[in-house]
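Dock chain B against chain A, hints included.
There are 2 protein chains.
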Amino acid sequence: YEQIRLVFPGLVGMSQAVGVAIVVVTGVWLGHHHGGFAWDGSAHQFNVHPLCMVLGMVVLYGDAVLLYRVFPRESKRNLKILHGSIHLLALLVSIIGLVAVFNFHRVSGIPDLYSLHSWCGVLTVTLFLVQWLMGLGFFLFPGASSWLREWYLPLHAFFGLFLLAVSIATCLTGITEKLLFSIMETYSLRAPEGLLANSLALLLLLFGGLVGFIVTREEFRRPPQPEEEALSVHFTSLTPSSP
Amino acid sequence: YEQIRLVFPGLVGMSQAVGVAIVVVTGVWLGHHHGGFAWDGSAHQFNVHPLCMVLGMVVLYGDAVLLYRVFPRESKRNLKILHGSIHLLALLVSIIGLVAVFNFHRVSGIPDLYSLHSWCGVLTVTLFLVQWLMGLGFFLFPGASSWLREWYLPLHAFFGLFLLAVSIATCLTGITEKLLFSIMETYSLRAPEGLLANSLALLLLLFGGLVGFIVTREEFRRPPQPEEEALSVHFTSLTPSSP
Numbered sequence: 001y002e003q004i005r006l007v008f009p010g011l012v013g014m015s016q017a018v019g020v021a022i023v024v025v026t027g028v029w030l031g032h033h034h035g036g037f038a039w040d041g042s043a044h045q046f047n048v049h050p051l052c053m054v055l056g057m058v059v060l061y062g063d064a065v066l067l068y069r070v071f072p073r074e075s076k077r078n079l080k081i082l083h084g085s086i087h088l089l090a091l092l093v094s095i096i097g098l099v100a101v102f103n104f105h106r107v108s109g110i111p112d113l114y115s116l117h118s119w120c121g122v123l124t125v126t127l128f129l130v131q132w133l134m135g136l137g138f139f140l141f142p143g144a145s146s147w148l149r150e151w152y153l154p155l156h157a158f159f160g161l162f163l164l165a166v167s168i169a170t171c172l173t174g175i176t177e178k179l180l181f182s183i184m185e186t187y188s189l190r191a192p193e194g195l196l197a198n199s200l201a202l203l204l205l206l207f208g209g210l211v212g213f214i215v216t217r218e219e220f221r222r223p224p225q226p227e228e229e230a231l232s233v234h235f236t237s238l239t240p241s242s243p
Numbered sequence: 001y002e003q004i005r006l007v008f009p010g011l012v013g014m015s016q017a018v019g020v021a022i023v024v025v026t027g028v029w030l031g032h033h034h035g036g037f038a039w040d041g042s043a044h045q046f047n048v049h050p051l052c053m054v055l056g057m058v059v060l061y062g063d064a065v066l067l068y069r070v071f072p073r074e075s076k077r078n079l080k081i082l083h084g085s086i087h088l089l090a091l092l093v094s095i096i097g098l099v100a101v102f103n104f105h106r107v108s109g110i111p112d113l114y115s116l117h118s119w120c121g122v123l124t125v126t127l128f129l130v131q132w133l134m135g136l137g138f139f140l141f142p143g144a145s146s147w148l149r150e151w152y153l154p155l156h157a158f159f160g161l162f163l164l165a166v167s168i169a170t171c172l173t174g175i176t177e178k179l180l181f182s183i184m185e186t187y188s189l190r191a192p193e194g195l196l197a198n199s200l201a202l203l204l205l206l207f208g209g210l211v212g213f214i215v216t217r218e219e220f221r222r223p224p225q226p227e228e229e230a231l232s233v234h235f236t237s238l239t240p241s242s243p
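Chains A and B, in that order, are what the protein sequence lines are.
According to UniProt numbering, the first sequence is numbered sequentially starting from 1.
According to UniProt numbering, the second sequence is numbered sequentially starting from 1.
FYI, nobody ran anything at the bench for these hints, they're computed from the structure.
Any given hint might turn out to be false.
For identical chains, the list gives no copy identity; a pair is met inside one copy or between any two copies.
[Unchecked claim] Derived SDA-like pairs (lysine to any residue); straight-line CA-CA distance at most 25 Å:
#1 K80 <-> T216
#2 K76 <-> F181
#3 K76 <-> G35
#4 K80 <-> G27
#5 K80 <-> L113
#6 K80 <-> R69
If we strip away everything but chain A, and leave its shape as in the complex, we get (with noise of 0.2 Å):
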């Protein structure tokens, strides 16, 4: 057990620096590749798009998933306050890169929401939204009884980490489609935007890893504060393992 505790740190620190290489080579890509970013309606607008898909929908995303195993001695509601506040944060970002694209699409006449990709896109963020919303009600407002959010929490916290796998799906269906349109001609010759596309594509699925392996392991789990012993009788069996 003790050692399984070990691994704990280089897991998280891992998580980060990955986290830090998603949104340096998307920087990269888009900046070297395709000439940066703007706010102009032009194809440097439409860079903010994955910018902000990659930082909002995973990074910032996967950030806030792993905030309760990270600061296991952080009092529950301000954990929780601080969970909800990152995820409103990926949100916002997020929704900075769909206008981003609309918008491009709109100005350059690009039709809108016929793509894997799109269906894909619009399905998660939607969900997510959903999903931070129920998290508000059940958790944050006082209204929900602790039945409500004991039966709650697993299913929140499942749908959590699936949408992090189809919002990373979905990244990698937008790189597809990317290449696809830029470089169809010499993506086969392993052309370097294409090395670098693919490499970051593999730092996405490596990142909802970690996260998912860091969240699911139950000797990772926070365990119990003193004070919440008394206020949740049932809390234990939400955390069956927990030491």
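What follows is chain B alone, placed relative to chain A:
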């Protein structure tokens, strides 16, 4: 608890219906829109690839994962043998799917292994093979100590679901590739083929979600059989909240 237990057959039934729908829709897509299946180095041979991959790496793979929940009264040894056998079948079907596309590429002079889809696909099938061999070594050969089995079981379960997720993400990049290669012009006009293949991708995500949900809910876990209680004293620490 009883209420949730009643949901179980519905979820399993839905997963199986979605699994059948995935294979049927893939068959209709490639049969109706791409001329069907053959093994002659032509585009009809390429069509064998997607059909084998969704059948092997998603549907059979997912069903092998579900086994432990669907037959809770079957002996553990029989379930392990069936789990390993269905996964072996999934591997063989997937390898046929890989041979189909590599052979088609060779005959047609198309380069291999440059796209994100191919990177993810080769990575997934390779890791699946490693996972299968490790499962065989740890759980079916008598050599592994109960301590080693107990240590490896949650890792096996986590990587099993992670690989299913990566496998489905790989299918989505493959669908995106195939559509952009074959109907780039009409995809944005919402050609029926595009709508059909997009829907196939949503079915794949739904299948992954259902399998993931069924196997991660504590209340669907297989209760230890009476004859196993005496054999493994540590088993309860792996199924902390089983009834």
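How the hints compare with the structure:
| no. | hint | in the structure |
| --- | --- | --- |
| 1 | K80 <-> T216 | both (18 Å within a copy, 23 Å between copies) |
| 2 | K76 <-> F181 | neither (47 Å within a copy, 51 Å between copies) |
| 3 | K76 <-> G35 | neither (45 Å within a copy, 58 Å between copies) |
| 4 | K80 <-> G27 | neither (31 Å within a copy, 46 Å between copies) |
| 5 | K80 <-> L113 | neither (34 Å within a copy, 44 Å between copies) |
| 6 | K80 <-> R69 | within (12 Å within a copy, 33 Å between copies) |
Consistency note: the structure conflicts with the earlier hints numbered 2, 3, 4 and 5.
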